[in-house]
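Note that the protein sequences, when read in sequence, are chains A, B and C. Numbering follows numbering that gives the first Met the number 0, with no gaps: position 70 of the first sequence is 69. Numbering follows numbering that gives the first Met the number 0, with no gaps: position 61 of the second sequence is 60. Numbering follows numbering that gives the first Met the number 0, with no gaps: position 43 of the third sequence is 42.
Where hints are given, some of them may not hold.
Claimed, not checked - 20 angstroms max Cα-Cα, derived PhoX-like pairs, lysine-lysine:
id : chain 1 : residue 1 : chain 2 : residue 2
1  : B       : 97        : B       : 8
2  : B       : 58        : A       : 34
3  : B       : 78        : B       : 58
4  : A       : 63        : B       : 97
5  : A       : 99        : A       : 34
6  : B       : 30        : B       : 97
7  : C       : 2         : C       : 104
8  : B       : 78        : B       : 30
9  : A       : 63        : A       : 34
10 : B       : 30        : A       : 63
11 : B       : 78        : A       : 99
12 : C       : 104       : B       : 58
13 : B       : 8         : B       : 78
14 : A       : 99        : A       : 8
15 : B       : 8         : B       : 30
Note that these hints are calculated values from the structure, not bench results. These figures come from a predicted structure and were not determined experimentally.
Chain by chain, the residues run as shown.
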Amino acid sequence: MADLNTLMKLDAVEGAFRFTPSGELREHQIAGGSKLDATVLDLLCHVCVANMAIATMQARGWEKVTGMQGFYPINGFSLIGFEWTAVVNQEYGVVVPNAKVDYDRIYAALNG
Amino acid sequence: MSLILNLSKLPGVIAAGEYSYRGDRFSFEGKLTDELARMASIMCRATTMATHMQVDMMKSLGSDCGCAPARGWMVHGEKFSVCVVGNIFCFVDSTTVKLNDLMAQLVAQVPQQEGQLV
Amino acid sequence: MIKQLFALDGVIAVCQFRDDGMLVEGYGAGGDDMLQRLAKFAHDYKRMVQGNADQLSMFTQMNGWTPPGGWLVRGPAVTVCSIANLVCVVDLREISLSTIMAQLKEAASW
Numbered sequence: 000m001a002d003l004n005t006l007m008k009l010d011a012v013e014g015a016f017r018f019t020p021s022g023e024l025r026e027h028q029i030a031g032g033s034k035l036d037a038t039v040l041d042l043l044c045h046v047c048v049a050n051m052a053i054a055t056m057q058a059r060g061w062e063k064v065t066g067m068q069g070f071y072p073i074n075g076f077s078l079i080g081f082e083w084t085a086v087v088n089q090e091y092g093v094v095v096p097n098a099k100v101d102y103d104r105i106y107a108a109l110n111g
Numbered sequence: 000m001s002l003i004l005n006l007s008k009l010p011g012v013i014a015a016g017e018y019s020y021r022g023d024r025f026s027f028e029g030k031l032t033d034e035l036a037r038m039a040s041i042m043c044r045a046t047t048m049a050t051h052m053q054v055d056m057m058k059s060l061g062s063d064c065g066c067a068p069a070r071g072w073m074v075h076g077e078k079f080s081v082c083v084v085g086n087i088f089c090f091v092d093s094t095t096v097k098l099n100d101l102m103a104q105l106v107a108q109v110p111q112q113e114g115q116l117v
Numbered sequence: 000m001i002k003q004l005f006a007l008d009g010v011i012a013v014c015q016f017r018d019d020g021m022l023v024e025g026y027g028a029g030g031d032d033m034l035q036r037l038a039k040f041a042h043d044y045k046r047m048v049q050g051n052a053d054q055l056s057m058f059t060q061m062n063g064w065t066p067p068g069g070w071l072v073r074g075p076a077v078t079v080c081s082i083a084n085l086v087c088v089v090d091l092r093e094i095s096l097s098t099i100m101a102q103l104k105e106a107a108s109w
C-alpha cells in the first residue's frame, strides 16, 4: 500500500499526492525548492482522474471488442509533460523530472 | 531501420505504430491485425488530443511548471500497457517490457510537437 | 449574427470559433482575452468530445453518436453549451436550457 512518505523517498520525486475518486487533492508533500504547489497538484489530480476514467472506458471497450484481456482494471496513468512526468494509480501519484523518471520503480511503489 | 520497426523489436513490445493527428491514416509494425491497429490508433489519438488540451488549459490557468506542451502519456494495465509520445504508440506486455528503456527511446527520438496538432 | 444570441437574457458570453480554435466573433464579459480563451477551450473540448464519441461508436458498433452535434457542461452558477462552432456561457436562472440549445442550433445553421 502506497503512502506519501514512502513515495517521497523515491529518487528525484518533487511531489507526492493523494486524491479523491473525483480528483480533489486530499493530501500532498512537496520537496524543498520545487515549483509545485497545492493548486498545481489539485489541477493535475483532476487531469489524471479524467484520463484514468477515459482509459478505463477504452480498456473495457477494447477487451469486449477484441477479446484481448489484460488492460482492465487500469493500474496507472502517466502524463509526460515538457519538463516533468506525473505517474498515478487510482489514489496516489508522484511528480518527477523527465530526465530522472524511473517508471518501473514508481509503478512498483504505487501498486506495491 | 525505421523508428516504428525499431520500437516493435524491443523486449515486451507487442506492436508499435504511428497515427496522423488529423486522424486520417496510421501505420504499424508488430503483432496486431490491421483492424486492431486502426482501433488502437483511434484510441491513442483521442487521448493525445485530450492530454494536450488539458495541459494547455493548466498552463492558461496559471499553473505552468513545465507541463505544457504535453509530450506523451502512458496507461498501465494488468497485463498490457500503452505508451505514447507524440504520434507514436506502443502496445506492450506489462510483465516483460522495460518501461524506462522504451520511454527513453521514445522521448529521445520523437520530436516535440509545437503548435497545432495537424 | 451571433450578436442576437448575446441579446438573450441569461447569456453571459457567446463566441464563434474557427476550426483551428481562433476566435471569429465574440461578445460578452471579460473582454477579448477571455473570449479568445473561451473560443480555444470550446474548440479543444469539441475535439475531445469528438474523439470520445468516435470510440463509443467503435466499441458499441452503434450508429448515431458521431459526429457529435454539441456538448454542454453544467455548473452550479454558470453553464457552457456548444453546438457546431458556436459556444456560449449562460446563467440558467434567466434562460432555459431548451431555449438556449434551440437558439444555438438555429444560429449554427445561419
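Between residue 8/B and residue 78/B, does the CA-CA distance stay at or below 20 angstroms? holds (19 angstroms)
Mind checking the alpha carbons of residue 2/C and residue 104/C for me, to see if they're no more than 20 angstroms apart? Within the cut-off at roughly 15 angstroms; holds.
Would the hint linking residue 104/C and residue 58/B be met if the CA-CA limit is 20 angstroms? violated (32 angstroms)
Assess, step by step, whether the Cα of residue 99/A is no farther than 20 angstroms from the Cα of residue 34/A, and give holds or violated. holds (16 angstroms)
Measure nothing beyond the straight line between the CA atoms of residue 8/B and residue 30/B; if it is 20 angstroms or shorter, mark the hint as holding. holds (11 angstroms)
Are the Cα atoms of residue 97/B and residue 8/B separated by 20 angstroms or less? The hint holds at about 12 angstroms.
Measure nothing beyond the straight line between the CA atoms of residue 30/B and residue 63/A; if it is 20 angstroms or shorter, mark the hint as holding. Holds, because 19 angstroms separates the two Cα atoms, which is no more than 20 angstroms.
20 angstroms limit on alpha-carbon distance, applied to hinted pair residue 78/B and residue 99/A: With Cα atoms ~25 angstroms apart, residue 78/B and residue 99/A exceed 20 angstroms; violated.
Is residue 63/A within 20 angstroms of residue 34/A, Cα to Cα? Since the Cα atoms of residue 63/A and residue 34/A sit roughly 43 angstroms apart, the hinted pair is violated (cutoff 20 angstroms).
For a C-alpha distance cap of 20 angstroms, please report whether residue 78/B and residue 58/B respect it. violated (34 angstroms)
CA of residue 30/B to CA of residue 97/B, is that 20 angstroms or under? holds (18 angstroms)
Hint check: residue 58/B vs residue 34/A, CA-CA at most 20 angstroms. Holds or violated? holds (14 angstroms)
Hints 3, 4, 9, 11, 12 from the list above are not met by this structure, while the remaining hints are.
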